[in-house]
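Now for the letters of each chain:
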Amino acid sequence: MQFELGITRDGLKEIKNRMAQGAPTHFSPKELLRQYSDIVDGIVRKTFQKAQSSVSAPSVCLVAVGGYGRSELAPYSDVDLLLLYSSPQKPDLPPLIEKTLYPLWDLGLDVSCSSRSVSECLKMAQSDPYVKTGLIDSRYLDGEYEIFRTLYELFSKKILHHKVREFADSLMKDVALRHQKYEDPAYVLEPDIKEGKGGLRDFQIGRWVIRAKYKTDRWDSILFPDQSRILDRSLQFLWALRNELHLLSGRRLDQLTFELQEKIAPILRFSPETRGIEEMMRQYHLSSQQVWNFASDMLERVLYEPSPVKKASSTFKRKKLDPFFGMSYGEIYLLDPVTFKRDPSQLMTLFKHCQTYQAKMSFQTEEAVLESLPFIDDRFRTSESVNQVFLSILKKGERVESILKMMHELGFLSRYIPEFAEIEGRVHYDLYHVHPVDIHSILTVEELIKLKTATYQKELPLLTSLIQEIEKPEILFLTALLHDIGKGLEGDHSKVGEELIVQIGVRMGLSDEDKRLMAFLVRRHLFMLEIAFRRDLHEEGTILRFANEVENPDHLKMLYLLTFADIKAVGPEAWTPWKNSLLMELFLKTSHFFEQGKGTVALPKKEEVIRHLLKLLPPEIVSDYEEHLPPQYLSSYSWEEIAHHIEMARLLEKELLLVEWTIEENARARVTVCTKDRYGLFSKITGSMFLNRLNILEAQIHTWANGVALDTFKVEDSTRDIERRLQQFRIDLSSVLDGTAFLRTLLSKRQEPSIIQRKVIPRVPVDIRVNNQDSQFFTIVEISGEDRLGILYEITQALTDHGCDIHFARISTLGNRIVDVFYIQDEWGEKIEERERMGRLKQTLLNRLTPGDLSI
Amino acid sequence: MKKIEAIVKPFKLDEVKNALTKIGIQGMTVSEVKGFGRQRGHTEVYRGAEYTIDFIPKSKLELIVPDELVTQVIETIERAAKTGKIGDGKIFLSPVDEVIRIRTGERGRDAI
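First to last, the protein sequences are chains A and B. Count the first sequence with the working numbering and you get residues 33 to 888, in order. Count the second sequence with the working numbering and you get residues 2 to 113, in order.
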């Protein structure tokens, strides 16, 4: 049968491949859609005609609907057909449909077909918005033309332009439902080009509304020329992406997965490597923003247009706000359309009104804002009154985030603060940063506003009370909005950002004091997080160094608040109770340090510890142990804990291994392991934990002078089955230690290679830093790389092989990136300071961590 | 080619099916099954008498996919079927030697 059509399944594939290579899909993506649609037209017509001639066909008409009806057919899109008949009585269609569809299916086309009479179509279009939109895009293909003409005339006359508001309302509901589904961070990182927010479906929504309301198919005719040019460019880009997605995957795939991001970026001629992917995704975000602006603008025009009844009575409900603005039905409007031209500074007043009266602006006013964006020049940006109004918006502390979002969506924010334009749509190609930088920046402000309005009162009481103490919250909010402003330019973004924020501060006429504060916060916005998550907070030196950098309690407060908001705004999984407790610990310790004055936080004297121990333990036991306890150990635990550890150690005469734990919040536990020290003990412990899916967050490792090893861990089990896993861990570790089991064997069972290929995700380069400045007694090794099962075991094994003694470890995971920090000494208890030894250590670790090397 | 069998909670079936359609999967076989795993059966009391419900109703999906799609299909099912609670189900993967479409006699990939 296929030969009769003059084309085969392979032939069709061949055509698609040729199109992909021949016509550069990225220069005229829309052209490719049309070309392919024309080819399919030919095939469908031929099949239909053959079918009609072979069965006694009733009088029918074949219509293309949906995307195919618009002649926009991506290489693997659905081909939607409608078989139309005029009589109210259903003719005998199945033979005709069978003969038409089977050959098309056999060609590998994804065809669906419905058959309806003209009156059925019209009836359904009245109640079902999907049928209605399908008909808007319908196109005659073959058969009885009269039937199609009748349908289309009746549809245009009786349905299309009626009840436009209801139509828009049902479209709006569909949009809300769809967007909600794609809000999931997984979809933000791997967006759906068609269904996601600002996707191609949203564009159609806008177009349908125009069609229904303005009776035209030229969507560009109702936009400003600039706007329609930008929108068209955005659409071309989305189409280009979608064509490539279909051609590369060979199916109807609309989700831009990491794997395909990596493949498509070079095809669309972006720079090589990660940068190109980030550039491409930036263009995607900017484009989808344009499309969504268009769609929501069109929907609002219809949905928020006052109905004629309201219009008549609205004169009574109008309220004049000032000589330039009025308000009715919760919407602010311009009294005189030329206001902004005469006095652009009124733009800022408009936003202020929106905040004060909790109102939106009418869509005509929005249009006026868009039109007057070019008036925002340096005079506007340096105007004292404008800047004062802006700061007062921030200072008010209510709905600040929604006003900023409004400014951002209208393009006002990046005109007012041009530096902001550089971070719009900018993404990181990794799993951790969910949002583009501009969105992240606004979310950071939002998190602070939530604190300020006591949304987090219950879970974060300390932060909630701290933000109330801030004297100038507007400066904190402004800094939060601009903390990543340096990411638009090359170089270390904290340093670049510092320069930019000073420049912005000068322009806004801020005081020197405010500028200094903002500069400090931007330059140091990662500092608190680095210290809290990567340094040993038990070490006095750490707190001392941090306090010196932060200078005073006010800076500390602001930095703590900013750090919280910054992390929380990264994505739903970035802020964890664990990070919360580390930051709080650092904040409290540093505050105490400021209160007590410098230098008074000394290590507890050994004699003092012994004195306390004597209250808890019999004197003969204390004297047995006191000489063995190293000073580092004494400063890391409370007296009660030390006393308990000694009791554990005493049991070692009878037992090989003691493991105790306390569980916090169902998912985390503090584990104490006490045993005789031996070679590679730490990596045996981490290996056994890994075996039981226990994720290590922090470890403190101590060896007493009498050879007792006392290690404490904070571990986590995301499956909330931690008690069972810890039980099994104890069993596994004890059989590894007594020699009845070999860790190597246990681990290799766990690491049986899976035949399932790993999903493509952004790669993380390995980075190893050796630091001898931050700690007096230890060399700090900071390792960042791609997370994978058992990586900590491998690192600790490598450190052990190198003869290093690990004292403290802190492990953080950011998406698929790990940052592990180890405090180590060599076998003689010294720091590793010689350049050559540091180099060798790095090399050993690097060899172990280079991807592909999974040997245990 | 591989066969993917997934046992999922019945109320998750629609979600899994939709998620698979979204990534371009065009066909699958669905059946209602009963069974138990770690979830075990549970006892219900009705008018004073105890009844043990041994088998818990589940839905089973079967689909045949080309090798390069396996990772994505499995990930999609995992994501859609997951509630994080016990009894979320299992996914089995096995090789398939041949597929034949009866009507046309097509074999291999074309017959999927």
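Because the hints were derived from the structure by calculation, they are not lab data. Some hints could be false.
Across the chosen pairs, the derived CB separations fall in these ranges [said to hold, decoys possible]:
hint, chain 1, residue 1, chain 2, residue 2, range
1, A, 291, B, 11, 45 to 55 angstroms
2, A, 185, B, 106, 44 to 54 angstroms
3, B, 101, A, 74, 29 to 39 angstroms
4, B, 65, A, 91, 33 to 43 angstroms
5, A, 627, B, 92, 50 to 60 angstroms
6, B, 111, A, 291, 51 to 61 angstroms
7, A, 586, B, 11, 26 to 36 angstroms
Residues of chain A placed beyond 10 angstroms of chain B at every Cβ, according to the derived structure [to be verified]:
hint, residue
8, 108
9, 118
10, 140
11, 281
12, 434
13, 446
14, 559
15, 790
16, 868
The calculated DSBU-like cross-link candidates involving lysine-lysine, where the alpha carbons are at most 30 angstroms apart (straight line), are [to be verified]:
hint, chain 1, residue 1, chain 2, residue 2
17, B, 83, A, 746
18, A, 791, B, 91
19, A, 205, B, 3
20, A, 611, B, 83
21, A, 45, B, 83
22, A, 190, A, 245
23, A, 48, B, 86
24, A, 295, B, 3
25, A, 82, B, 4
26, A, 621, A, 686
27, B, 91, A, 131
Bear in mind the structure is a predicted one, so any value in this text is a computation, not a measurement. All C-beta atoms in this analysis are idealised placements derived from N, C-alpha and C, irrespective of residue type, glycine included.
Tested hints:
Between residue 291 of chain A and residue 11 of chain B the beta carbon distance is about 32 angstroms. The supplied range of 45 to 55 angstroms is therefore violated. Distance hint for residue 185 of chain A and residue 106 of chain B: a CB-CB separation of about 47 angstroms, consistent with the stated range 44 to 54 angstroms. For the pair residue 101 of chain B and residue 74 of chain A, the beta carbons lie near 31 angstroms from each other, so the given range of 29 to 39 angstroms is met. A C-beta distance of roughly 42 angstroms is found between residue 65 of chain B and residue 91 of chain A, which places it inside the suggested range of 33 to 43 angstroms.
The hint said 50 to 60 angstroms for the Cβ distance between residue 627 of chain A and residue 92 of chain B, and at roughly 57 angstroms that hint holds. As the Cβ distance of residue 111 of chain B to residue 291 of chain A is approximately 24 angstroms, the hint placing it in 51 to 61 angstroms is violated. At about 58 angstroms, the beta-carbon gap between residue 586 of chain A and residue 11 of chain B misses the expected band of 26 to 36 angstroms. Not every CB of chain B is more than 10 angstroms from the CB of residue 108 of chain A (nearest about 7 angstroms), against its label as outside the interface.
With a closest Cβ-Cβ approach of about 33 angstroms to chain B, residue 118 of chain A is found to remain outside the 10 angstroms limit, as its non-interface label requires. A beta-carbon of chain B comes within 10 angstroms of the beta-carbon of residue 140 of chain A; the shortest separation is about 8 angstroms. With 10 angstroms as the threshold on Cβ separation, the claim that residue 281 of chain A sits away from chain B is violated: the shortest Cβ distance comes to roughly 7 angstroms. For residue 434 of chain A, the shortest C-beta to C-beta distance to chain B comes to about 31 angstroms, beyond the 10 angstroms cut-off, and the non-interface label holds.
Remark: the non-interface label on residue 446 of chain A is consistent with the geometry, its nearest Cβ contact in chain B lying 34 angstroms away (cut-off 10 angstroms). No beta-carbon of chain B comes within 10 angstroms of the beta-carbon of residue 559 of chain A; the shortest separation is about 36 angstroms. Look at residue 790 of chain A: its CB is around 7 angstroms from the nearest CB on chain B, not clear of 10 angstroms, so calling it non-interface is violated. Listed as outside the interface, residue 868 of chain A is consistent with that label: its C-beta sits roughly 44 angstroms from the nearest C-beta of chain B, beyond the 10 angstroms cut-off.
Taking the CA atoms of residue 83 of chain B and residue 746 of chain A, the gap is about 27 angstroms. The hint holds against a cut of 30 angstroms. Distance check on the hinted pair: residue 791 of chain A and residue 91 of chain B sit about 19 angstroms apart at the alpha-carbon level, within 30 angstroms; holds. For the hint linking residue 205 of chain A to residue 3 of chain B, the alpha-carbon distance of about 39 angstroms lies beyond 30 angstroms, and the restraint is violated. Restraint check: the Cα-Cα separation between residue 611 of chain A and residue 83 of chain B comes to about 26 angstroms, which is no more than 30 angstroms; the hinted pair holds.
Our distance criterion of 30 angstroms between C-alpha atoms is broken by residue 45 of chain A and residue 83 of chain B, whose separation comes to about 36 angstroms. This hinted pair checks out: residue 190 of chain A and residue 245 of chain A have alpha carbons roughly 13 angstroms apart, not beyond 30 angstroms. For the hint linking residue 48 of chain A to residue 86 of chain B, the alpha-carbon distance of about 45 angstroms lies beyond 30 angstroms, and the restraint is violated. Straight-line distance between C-alpha atoms of residue 295 of chain A and residue 3 of chain B comes to about 25 angstroms, which keeps the hinted pair within the 30 angstroms bound.
A hinted pair counts as satisfied when its Cα atoms are at most 30 angstroms apart, and residue 82 of chain A with residue 4 of chain B does not qualify at roughly 38 angstroms. Under the criterion of a C-alpha separation no larger than 30 angstroms, the hint pairing residue 621 of chain A with residue 686 of chain A is inconsistent with the structure, at around 40 angstroms. Distance restraint check for residue 91 of chain B and residue 131 of chain A: the Cα-Cα separation of roughly 41 angstroms exceeds the 30 angstroms cut-off, and the hinted pair is therefore not satisfied.
Hint violations for this structure: numbers 1, 6, 7, 8, 10, 11, 15, 19, 21, 23, 25, 26 and 27, all remaining hints satisfied.
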